[in-house]
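*Asks:* In this note's numbering, the protein residues as written are 1 to 197.
Keep in mind that the hints were calculated from the coordinates and are not lab data.
Do not take every clue at face value.
As the list claims (entries may be wrong) - Calculated pairs, DSS-like style, for lysine-lysine (alpha carbon to alpha carbon, straight line, at most 25 Å):
1. LYS78 x LYS96
2. LYS46 x LYS116
3. LYS78 x LYS135
4. LYS46 x LYS78
5. LYS82 x LYS116
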Amino acid sequence: MQIYEWNARLSAALLHDLGHLEVGLRNAYDCALLSHPAVAGDDWIKPDVAVFLLPQHLTTDEHGVAQDKNATPRNAIKQARKYAKFSEGNGVHRGKVIAEFMFGFWSYLTDSLHEKTLWVPALHKAYAPGTDRAKIHAALDDLRDVRNRLAHNESTYDRHPENLRRSIVFVARSLSEPLRGHIVAHSTVTEVLSSAP
Numbered sequence: 001m002q003i004y005e006w007n008a009r010l011s012a013a014l015l016h017d018l019g020h021l022e023v024g025l026r027n028a029y030d031c032a033l034l035s036h037p038a039v040a041g042d043d044w045i046k047p048d049v050a051v052f053l054l055p056q057h058l059t060t061d062e063h064g065v066a067q068d069k070n071a072t073p074r075n076a077i078k079q080a081r082k083y084a085k086f087s088e089g090n091g092v093h094r095g096k097v098i099a100e101f102m103f104g105f106w107s108y109l110t111d112s113l114h115e116k117t118l119w120v121p122a123l124h125k126a127y128a129p130g131t132d133r134a135k136i137h138a139a140l141d142d143l144r145d146v147r148n149r150l151a152h153n154e155s156t157y158d159r160h161p162e163n164l165r166r167s168i169v170f171v172a173r174s175l176s177e178p179l180r181g182h183i184v185a186h187s188t189v190t191e192v193l194s195s196a197p
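Just need the whole structure built from these sequences, with the hints factored in.
*Replies:* Listed below in structure tokens is the structure:
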């Protein structure tokens with residue numbers, strides 16, 4: 001029971017830090033995507049604009065069935081608008097749409113599939129100059145997986161939590177030094193780790 005309680009505290013501490021990172025990430029990505037040349041002064045959360053940012057990209061799975069790899073994120077935009085009850089001119093702030101996207105949506109945008117279409121023209125602006133897209137994507141992908149496991153109350157202590165903390169700090173620092181500073185200043189992960197039973 002002591003390990004169980006400690007694991008619960010550790011999971012909560014990591015989710016706290018991930019929460020701050022996710023808010024910083026989504027706000028930075030939103031600003032960067034608004035600057036994308038294909039958006040051209042419009043809004044990337046409009047489904048017709050999203051078609052230009054996330055065009056059809058067909059691949060075949062192991063059974064030879066064609067799949068559009070960008071269908072899921074395009075659908076996520078429609079669903080986020082729906083859940084936020086957002087439409088142009090109805091008084092709902094577009095920030096409610098941005099908050100509806102799951103962490104996986106944001107991490108998918110740094111996939112190698114989007115290097116030329118999203119990273120080069122826009123998303124790299126969310127990060128410090130010279131940031132390596134592949135390293136950011138690997139960190140975000142790991143954090144997405146961990147976030148899902150934490151939300152399902154799975155064990156944390158056996159997943160190298162000190163490395164998870166480093167990944168959070170790495171992405172935060174790459175996005176914004178003030179974001180990194182805020183997360184580090186308010187994090188209790190190190191303290192909880194040191195109180196292991």
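*Asks:* Are the hints correct? Go through all of them and say.
*Replies:* We went through each hint and held it up to the structure:
1. LYS78 x LYS96: Status holds; Cα separation ~13 Å.
2. LYS46 x LYS116: holds (21 Å)
3. LYS78 x LYS135: Violated, because 29 Å separates the two Cα atoms, which is more than 25 Å.
4. LYS46 x LYS78: Between LYS46 and LYS78 the Cα gap is close to 8 Å, so the pair holds against 25 Å.
5. LYS82 x LYS116: Violated, at about 29 Å.
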